[in-house]
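Asks: One-letter residues, chain by chain:
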Amino acid sequence: GDSVTQMEGPVTLSEEAFLTINCTYTATGYPSLFWYVQYPGEGLQLLLKATKADDKGSNKGFEATYRKETTSFHLEKGSVQVSDSAVYFCALSPNSGGSNYKLTFGKGTLLTVNP
Amino acid sequence: GAVVSQHPSWVICKSGTSVKIECRSLDFQATTMFWYRQFPKQSLMLMATSNEGSKATYEQGVEKDKFLINHASLTLSTLTVTSAHPEDSSFYICSASRHQFLPWGHARNGYTFGSGTRLTVV
Numbered sequence: 001g002d003s004v005t006q007m008e009g010p011v012t013l014s015e016e017a018f019l020t021i022n023c024t025y026t027a028t029g030y031p032s033l034f035w036y037v038q039y040p041g042e043g044l045q046l047l048l049k050a051t052k053a054d055d056k057g058s059n060k061g062f063e064a065t066y067r068k069e070t071t072s073f074h075l076e077k078g079s080v081q082v083s084d085s086a087v088y089f090c091a092l093s094p095n096s097g098g099s100n101y102k103l104t105f106g107k108g109t110l111l112t113v114n115p
Numbered sequence: 001g002a003v004v005s006q007h008p009s010w011v012i013c014k015s016g017t018s019v020k021i022e023c024r025s026l027d028f029q030a031t032t033m034f035w036y037r038q039f040p041k042q043s044l045m046l047m048a049t050s051n052e053g054s055k056a057t058y059e060q061g062v063e064k065d066k067f068l069i070n071h072a073s074l075t076l077s078t079l080t081v082t083s084a085h086p087e088d089s090s091f092y093i094c095s096a097s098r099h100q101f102l103p104w105g106h107a108r109n110g111y112t113f114g115s116g117t118r119l120t121v122v
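Note that the protein sequences, when read in sequence, are chains A and B. Under the working numbering, the letters of the first sequence match residues 1 to 115, in that order. Under the working numbering, the letters of the second sequence match residues 1 to 122, in that order.
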């Protein structure tokens, strides 16, 4: 079945540091890939997504590129801020037909950014 | 953009009582709704998938008689935790999905999450 593996946290950085959170996946076909962010006590918010190979998703300074050859979708940000402190989830969904296709999540990575 | 409203945001109930959580898609029709449970510092565990007008499909290990899901319309799904016990205390999150087609024929699922419900059973 489909699976998502992301680097385990927690990750602690100083403000303005470079961030990478690794994510690799296993899936049949050509899934869509997502990064979600969860702030304390809240639901999930879509951060960025990519629907086909070589697509780059970007939002709020975060970027991730859909790499089919390495089955990866690593999240990066050049300069993190304290407000980026949250849990980040990598996820995938199948792309073939129907809206019943479930999101498969990674375990989440807690990011703490210190001033 | 797509908005999903989930209520209540938090609830405290006595052991043995039932609690209903609502999930509404405010500006789109959700063909499918998903219900998740999240334990502290853990990922989301999918509980069930529901399509409007049909019975929910529960994941293995989820008690369908304890977690009743109703999806009566394309904009509303409810999760009722029946005879709640302290071990049911958790963070419950809904997600609404709408089906989208891309020009090259691949379907893309748009998922929008509710803000979650913190259930505490005392």
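These aren't lab readings, by the way, just hints derived from the structure by calculation. Any given hint could turn out to be false.
Restricting the straight-line Cα-Cα distance to at most 20 Å, the calculated cross-link-like pairs of lysine to aspartate or glutamate (EDC-like) are [stated by the list, open to error]: (1) A:LYS60 / A:GLU42; (2) B:LYS41 / A:GLU42; (3) B:LYS20 / A:ASP2; (4) A:LYS102 / B:ASP88; (5) B:LYS41 / B:GLU87; (6) A:LYS107 / B:GLU59; (7) A:LYS56 / A:GLU69; (8) B:LYS14 / B:ASP27; (9) B:LYS64 / B:GLU52; (10) A:LYS102 / B:GLU52; (11) A:LYS107 / A:ASP55; (12) B:LYS41 / A:GLU15; (13) A:LYS68 / A:ASP84; (14) B:LYS20 / B:ASP88; (15) B:LYS14 / B:GLU87; (16) A:LYS52 / A:ASP2; (17) B:LYS41 / A:ASP84; (18) B:LYS64 / B:GLU22; (19) A:LYS52 / A:GLU76; (20) B:LYS64 / B:ASP27; (21) B:LYS14 / B:ASP88.
Asks: So if I understand the rule, the pair passes when the alpha-carbon distance is 20 Å or less; does LYS20 (chain B) with ASP88 (chain B) pass?
Replies: holds, 13 Å
Asks: Run the distance test for LYS14 (chain B) versus ASP88 (chain B): straight-line Cα separation, threshold 20 Å.
Replies: holds, 11 Å
Asks: For the pair supplied as a hint, LYS14 (chain B) and GLU87 (chain B), confirm whether the alpha-carbon distance does not exceed 20 Å.
Replies: holds, 12 Å
Asks: Hinted pair, alpha-carbon criterion (20 Å max): LYS41 (chain B), GLU15 (chain A). Please report holds or violated.
Replies: violated, 23 Å
Asks: Holds or violated: LYS41 (chain B) and GLU42 (chain A), Cα atoms, limit 20 Å.
Replies: Holds, because 13 Å separates the two Cα atoms, which is no more than 20 Å.
Asks: Measure nothing beyond the straight line between the CA atoms of LYS52 (chain A) and ASP2 (chain A); if it is 20 Å or shorter, mark the hint as holding.
Replies: Within the cut-off at roughly 16 Å; holds.
Asks: If you draw a straight line from the CA of LYS56 (chain A) to the CA of GLU69 (chain A), is it 20 Å or shorter?
Replies: holds, 15 Å
Asks: Given the hint that LYS68 (chain A) pairs with ASP84 (chain A), test it: the Cα-Cα distance must not exceed 20 Å.
Replies: Violated - the C-alpha atoms of ASP84 (chain A) and LYS68 (chain A) are around 27 Å apart, more than 20 Å.
Asks: Below or equal to 20 Å on CA atoms is what counts here, so check LYS14 (chain B) against ASP27 (chain B).
Replies: violated, 34 Å
Asks: Taken at face value, is the distance from the CA of GLU76 (chain A) to the CA of LYS52 (chain A) at most 20 Å?
Replies: holds, 18 Å
Asks: Is LYS107 (chain A) within 20 Å of ASP55 (chain A), Cα to Cα?
Replies: Status violated; Cα separation ~23 Å.
Asks: If you draw a straight line from the CA of LYS64 (chain B) to the CA of GLU52 (chain B), is it 20 Å or shorter?
Replies: It holds: about 17 Å lies between the C-alpha atoms, which stays within 20 Å.
Hint check: violations occur at hints 3, 4, 8, 11, 12, 13 and 20; the rest are consistent with the structure.
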